[in-house]
Amino acid sequence: MAITKSVNGPEAACDGVKSGMTLMLGGFGLCGIPECSIAELVKRGVDDLTCISNNAGVDDFGLGLLLQKRQIRKMISSYVGENDEFERQMLSGELEVDLIPQGSLAERCRAGGAGIPAFYTPAGFGTEVAEGKEVRDFNGKPHILESALTADFAFVKAWKGDAAGNLVFKATARNFNPMMAMAGTITVAEVEELVPLGTLSPNEIHTPGIFVQRIFQGAHYDKRIEQRTVQTR
Amino acid sequence: MAITKSVNGPEAACDGVKSGMTLMLGGFGLCGIPECSIAELVKRGVDDLTCISNNAGVDDFGLGLLLQKRQIRKMISSYVGENDEFERQMLSGELEVDLIPQGSLAERCRAGGAGIPAFYTPAGFGTEVAEGKEVRDFNGKPHILESALTADFAFVKAWKGDAAGNLVFKATARNFNPMMAMAGTITVAEVEELVPLGTLSPNEIHTPGIFVQRIFQGAHYDKRIEQRTVQTR
Amino acid sequence: MLDKNGIAKRIAQEVREGWYVNLGIGIPTLVANFIPEGMEVEFQSENGILGMGPFPMEGDEDADLINAGKQTITARPGAVYFDSATSFAMIRGQHVQLTVLGAMEVAQNGDIANWKIPGKMVKGMGGAMDLVASAENIIVAMMHANRAGASKLLSTCSLPLTGVGCVKRVVTNLAVLDIKDGAFHLVERAPGVTVESIVEATAGTLIVPDYVPEMRID
Amino acid sequence: MLDKNGIAKRIAQEVREGWYVNLGIGIPTLVANFIPEGMEVEFQSENGILGMGPFPMEGDEDADLINAGKQTITARPGAVYFDSATSFAMIRGQHVQLTVLGAMEVAQNGDIANWKIPGKMVKGMGGAMDLVASAENIIVAMMHANRAGASKLLSTCSLPLTGVGCVKRVVTNLAVLDIKDGAFHLVERAPGVTVESIVEATAGTLIVPDYVPEMRID
Chain R
1 MAITKSVNGP EAACDGVKSG MTLMLGGFGL CGIPECSIAE LVKRGVDDLT CISNNAGVDD
61 FGLGLLLQKR QIRKMISSYV GENDEFERQM LSGELEVDLI PQGSLAERCR AGGAGIPAFY
121 TPAGFGTEVA EGKEVRDFNG KPHILESALT ADFAFVKAWK GDAAGNLVFK ATARNFNPMM
181 AMAGTITVAE VEELVPLGTL SPNEIHTPGI FVQRIFQGAH YDKRIEQRTV QTR
Chain D
1 MAITKSVNGP EAACDGVKSG MTLMLGGFGL CGIPECSIAE LVKRGVDDLT CISNNAGVDD
61 FGLGLLLQKR QIRKMISSYV GENDEFERQM LSGELEVDLI PQGSLAERCR AGGAGIPAFY
121 TPAGFGTEVA EGKEVRDFNG KPHILESALT ADFAFVKAWK GDAAGNLVFK ATARNFNPMM
181 AMAGTITVAE VEELVPLGTL SPNEIHTPGI FVQRIFQGAH YDKRIEQRTV QTR
Chain H
1 MLDKNGIAKR IAQEVREGWY VNLGIGIPTL VANFIPEGME VEFQSENGIL GMGPFPMEGD
61 EDADLINAGK QTITARPGAV YFDSATSFAM IRGQHVQLTV LGAMEVAQNG DIANWKIPGK
121 MVKGMGGAMD LVASAENIIV AMMHANRAGA SKLLSTCSLP LTGVGCVKRV VTNLAVLDIK
181 DGAFHLVERA PGVTVESIVE ATAGTLIVPD YVPEMRID
Chain E
1 MLDKNGIAKR IAQEVREGWY VNLGIGIPTL VANFIPEGME VEFQSENGIL GMGPFPMEGD
61 EDADLINAGK QTITARPGAV YFDSATSFAM IRGQHVQLTV LGAMEVAQNG DIANWKIPGK
121 MVKGMGGAMD LVASAENIIV AMMHANRAGA SKLLSTCSLP LTGVGCVKRV VTNLAVLDIK
181 DGAFHLVERA PGVTVESIVE ATAGTLIVPD YVPEMRID
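Quick note, the sequences are listed as chains R, D, H and E, same order. Position 207 of the first sequence, counted from 1, bears residue number 207 in this note's numbering, the numbering being contiguous throughout. Position 74 of the second sequence, counted from 1, bears residue number 74 in this note's numbering, the numbering being contiguous throughout. Position 161 of the third sequence, counted from 1, bears residue number 161 in this note's numbering, the numbering being contiguous throughout. Position 211 of the fourth sequence, counted from 1, bears residue number 211 in this note's numbering, the numbering being contiguous throughout.
I should point out that these hints are in silico values taken from the structure, not numbers from a laboratory. Worth double-checking, as some hints may not be accurate.
To be verified - 27 Å max Cα-Cα, derived DSS-like pairs, lysine-lysine: (1) Lys133(R) to Lys133(D); (2) Lys223(D) to Lys170(D); (3) Lys120(H) to Lys133(D).
Please read all numbers here as calculations on a predicted model, not as lab measurements.
This is chain R alone, in the form it adopts within the complex (with noise of 0.2 Å):
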């Protein structure tokens, strides 16, 4: 019999955040981002969080609003250029922000939740981001040696789901949460639409239902555009 993951809420989602811990949060912008599961957090505040997530929201909404409640203690992220906030306790020094490519971002998650503790990529050698790690020759090109990510949470948004913590992503929302998914050591999972046990096709899953270990149906979701580029008729 399947195994239930369902539960009630973000609240029960939540159960056991702590300060000091570390978090994933999927999206890239603000598409995919866990919506409900970032005001839960705001309301519980939990603070020096350590959190990892391709980008650290706008400031007034996705991972911003964590940042306004100087709940974050540290971002690992790729890029960070749509929050000014964000800006000001970085360059005053009370955000401690780690950069990272943001392909050996999505492969250093995938690594953490695969059980392969360390790989080499091309990408940053002879950069900044290659310093303190190893380099060696693959082939007749340097690569550097990038290590697994993991989190204590994974925090990941999905367009359906069912109790079996099954997920299925819609367009570019998918991005980093279902590599994030597999990196939490208790994933929670929120989703547009919990659908019954049996009705998303075994073929289509996104995310298998064993990488997460809650899920529930947020109430509303803003989805914010950053930016609406339109042809006009």
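Following the hints, complete the assembly by docking chains D, H and E onto the known chain R.
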């Protein structure tokens, strides 16, 4: 405009396959194997091949057909237990065999396709698989360094595909096919059904077309069952 | 003394609610038959399915839906298919709580040998090396002695290893044994089996407590 | 002298039938507008789409469908979505034939700096380091000089590097330049731009052949 990969059939798809080449062939047992491409390789008579495939087929089907004709010089597999001709050639020394743990085989193919030249895994530490390989401790546990695998041609079999090379697999016939598709210099995909471009949902594609260089619809599939286990009604 | 189904039945008692379990070929496969109705447990097969169900009804078998033993199977509601890299990400990443597999030999330090007999046809390790190197919880299901009557519980494995220091528990036709501190520890004896006969059948160091309960197999 | 669209137009001429192309933010994004109708070319955006189409019609925008610049986009027939690990597998594995990106500085040995100015706010490298470390074919699209009027084509980069020895070709508002043997080589000059003015605007070593054709931009 989408890049068109469709070719007329197995003959065109195998154009350029030469004796002495390294080939990858998807499938697990007889499930999800590129039947039509294998038939074409037998017909072409190319030999001295290195074949990377999880299994070696059975005596009269799958890779067994290439073994019968002595076209394979070396097999790289994880399990080869269902084939008498294989056993004969291996014990007589005609056939070179490199046995690799199944998970390492899958990950080495993925690494080959993903530009990761090497990674650490705990699988095989302390066994003959580790001989000659670097050992390193991570989190107090010994791991061995495994290198990427690539191939001159990768042959994969999917359920559905389109002219752009996008592939959808069915059930457990997916197995090694997606990783091998990534790792072939030229990847040939054969499909049960070639559907019109735009028919496959971009959300539900397992292998993006960028990994596939040639695609064709197979004329016929045997899809043999190795162990028919059923309940009587 | 237990038959194969008895061994599987005893191992089924080790399975906990909420666990993902990988069952190897042979006796381990039988374990699925003895999980209590309604218990939340999922079976992973490393060729690419989670939520494996029973064999299909005659005529419903699908060549595209098999388990790691190449047997035709079914999928339960909530099942999911995935590729081999993802499958071993689950295994290597310790998302599977229990691995049950067979063995040719087990040593008192937890080493296991189950893939190769020198001089004989080598079939390959399949996924066994990944499974034993990664699983937090490994139970070996096997006969106490091989066909020649020799003990399979040894001080040191004589065959090429599959993994080192990884086996925590062994369930045989004669006993349940734990491996710790470099020795086998007798935990339970099979119905009707004496401690003496287990001691005699075990070549490795065996620690026997004062009281050895008999297994409860209903 | 070219404007931004002119640079994009010239770079579009470098794109070959059958190529997968990754376009960076800024001028590179414009390149898509100048690919000839019917040419088989696909655009990859590293946040997870292959087969990117034009901006959506007003009212059709979807928050779940964006490009790496966080702009709302559309998907063309044959498009596919994927996760970030798969996206960078495509990039790192050299399945993308051409990368076009902007730069703050390019050096005559092919080094590129485009992510960090010490003392200023650091936005991060995003996918740029993965792209430049892996792409077989990298074209930099940029102005020849920065806003302060200083040359961006240098003997050595002064800013923290994004990648080493990776840039093969640079297209600026003034010229097309190749990088080989540790020097810039002038290939074409922009319409109405003299060789002398390019020499003057280039701080790094510039090899000028006897004849420098003017770009053909229709």
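Just to be careful, I want the Cα atoms of lysine 223(D) and lysine 170(D) compared with a cutoff of 27 Å; is the pair within it?
The given pair, whose Cα atoms are some 12 Å apart, holds under the 27 Å limit.
Quick one, are lysine 120(H) and lysine 133(D) close enough, alpha carbons at most 27 Å?
Holds: lysine 120(H) and lysine 133(D) sit about 25 Å apart, inside 27 Å.
Lysine 133(R) and lysine 133(D) were given as a pair; does the straight-line alpha-carbon distance stay at or below 27 Å?
The given pair, whose Cα atoms are some 21 Å apart, holds under the 27 Å limit.
Comparing the model with each earlier hint shows no violations; every hint is respected.
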